[in-house]
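2 protein chains.
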Amino acid sequence: MELVWDGKQVKSDEASAVTALIRGCYGENKKGVVHLGAEEALYLMDVRGATCTDASGNRMGFNELAGKFSKKKKLLARYLTYKDWRDRGLFIRKEEEATGEYGRSVSRKYARGEGKLELPEISGAFFKDDLLCVVDGADAGSVLYNEYWIGQMGTYKASHRGSICKLDIFEALLLSEMGKLEGCSKKEMLSAAKERIGYFGDIYSVYREWREAGYVVKTGFKFGTHFRIYFPGAKPGGGKDWVHSKHVLHVFPKQSSLLISEWARAIRVAHSVKKTFILAIPGEGKKKKGEVDFALYYRKGMGVETPKEGKPAFLMLSLSEDEYLSGEELAASLGVCSRRGLDLLVAIADRETAVTYYLIKRIELPKSKYEYYEIEWMQP
Amino acid sequence: MELVWDGKQVKSDEASAVTALIRGCYGENKKGVVHLGAEEALYLMDVRGATCTDASGNRMGFNELAGKFSKKKKLLARYLTYKDWRDRGLFIRKEEEATGEYGRSVSRKYARGEGKLELPEISGAFFKDDLLCVVDGADAGSVLYNEYWIGQMGTYKASHRGSICKLDIFEALLLSEMGKLEGCSKKEMLSAAKERIGYFGDIYSVYREWREAGYVVKTGFKFGTHFRIYFPGAKPGGGKDWVHSKHVLHVFPKQSSLLISEWARAIRVAHSVKKTFILAIPGEGKKKKGEVDFALYYRKGMGVETPKEGKPAFLMLSLSEDEYLSGEELAASLGVCSRRGLDLLVAIADRETAVTYYLIKRIELPKSKYEYYEIEWMQP
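Residue numbers (the working numbering), protein chains in the order written: chain B, 1 to 380; chain V, 381 to 760.
Isolated chain B (complex conformation) (with noise of 0.2 Å):
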């Protein structure tokens, strides 16, 4: 297959590249010329064996071509992910073209705990340097624990092992907020919790958020995130009776920046215990226009859906892995998907170019300030 580079673009005007393209689903048909995007050329000379020319008829090679488009932004990372999904028999199509209220996107719904939260009065010491509370005495401590699941008496999952309370900053915080924790000073301790924990208040306000939707919210410190959740109704058992969390809770705020690879590191971990990741986008944040790369065909039934006939599933995120990516990027990306109806898919290449899948869904919680999403690893 013959491509040529006009100085602008890449194109093909010869009939049977363009009948070859077309069925394909590559590029723009205008009246018998085919016009290629960058990252469809440049599949078509890695992967395809068609060969570039430029205007005097000089063989151009990928990197020549490639440097034409080096003013666009991660190209290689577009291209990456643009091959990969094309390589799994699936269509790509720029995201442009995904223009319709698709109501593809349906979120997932978390109900609220009956009631409001109310907790019982309490007197405790901080220990700044550990950022934990201990409650003296374990009648009121047990309390707290058995009934609300605040706190730890004794040991984990051995809770008569010891005749004290331990609780953490964001407990300790949402009792003295509610005007429950004698002993403490609300001003030391959030002082202290901010000094050590970047981003204090914006993970403390998802934790109360949580709490008094009546879930019990714990340190997720086992599966690599902030927070492990329970449903509203939950108690600490122990030995046999003891109940998994099967979600976790991250959060990732607005002002927040991550590098690719160590955001990626938290979904991970939760992946590998088979809980489901829930990522909390809190914080103020200018508004970002929202970017999206490309519009994916899927899977249907026994076969894949087309450009031609069928709508797509998704819109693509295609980042690499030694990107940075910051929670208000994140949230006007999901914001465009919102607005069409389509979930994201973030996929990342990795530096040796395999991709990763993360699919996003977004999260009812009523009443809600903040937006929450799961994030499932996906194969496609």
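Treat the hints with care, since some could be wrong.
[Unchecked claim] Result set (SDA-like, lysine to any residue): computed pairs, CA atoms no more than 20 Å apart in a straight line: (1) V:K669 with V:E477; (2) V:K452 with B:M189; (3) V:K741 with V:H651; (4) B:K73 with V:A573; (5) B:K194 with V:K669.
I should point out that these hints are in silico values taken from the structure, not numbers from a laboratory.
Using the hints, position chain V against chain B.
Below, chain V without anything else, positioned relative to chain B:
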């Protein structure tokens, strides 16, 4: 059991208590009076039902006594890890008592490959925004990929799918520093990498050291670490013959500092996929006095080793989930262990006071500039 706070420390001189304390390996016996450390006294009160009174005979609670030691750093982290070890039926003493050169730490040996790393000359183009370098032309790329496992031909695990070879930033720089990469500016690549990746220089030095020792070093993205490694001689396979790496390598520069929760997250992913986790600690650090918290006595045959007759097995570094650890601090603690011939056991109390253990063993990689350690999750 009755304990007394004399204004400076906790003691007991009651005959039956003294007998029980000595038998239980608590405190120091000075002429029939047992002097207890803070963690020991708190443990006896919290778990063993001991009571403590001050000089005037007033009964003190846990928080009141703990308050007397509030100038001690990370008192609760120390207490909670002390308690966890004790609750396992094992003995634990203050680290100052472990003064011998016990010779109990045996380092793991990693062999170097034979010969010197010689790479072929190649030419490529650098894509700054993606930190990737593309080698155009299947022949040159194939040799590099198939013989040296540098770069990625085609697609990961399907090297025939495509005609270009992609080099990651570490591979491209290695070739460039060896004078084997045309078409890319070393200066441009280095500055792009440093702008994007924190401590890039340190991470690259570690990469280069293992490559020069004959190891294959590829991205560890799928395992949440900087790299995964293959032993000298490994070649990329395909399909059923794919060689799985058994080791991941993560770089923790001396000058960097991490929240314990983030530090542990990297180790967890590796553990969940059954890889051996190797930590590199490169970089310049001020010589710190190394801190360790306790000397630990472990199991022996069907019983346990005692401080009376046995030797300690580990030194413990007690930390909590929300604390920071720097590469320098960890290196200094490991230095203490090495001088005493014991392994380091890092004990992390999470917000729920459950304790997780990581055993750290020194690695010997002949001729290496840096220090390397295997870290494994351990359930004592």
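Do the hints match the structure? See the list:
{"no.": "1", "hint": "V:K669 with V:E477", "verdict": "holds (17 Å)"}
{"no.": "2", "hint": "V:K452 with B:M189", "verdict": "holds (18 Å)"}
{"no.": "3", "hint": "V:K741 with V:H651", "verdict": "holds (16 Å)"}
{"no.": "4", "hint": "B:K73 with V:A573", "verdict": "holds (16 Å)"}
{"no.": "5", "hint": "B:K194 with V:K669", "verdict": "violated (28 Å)"}
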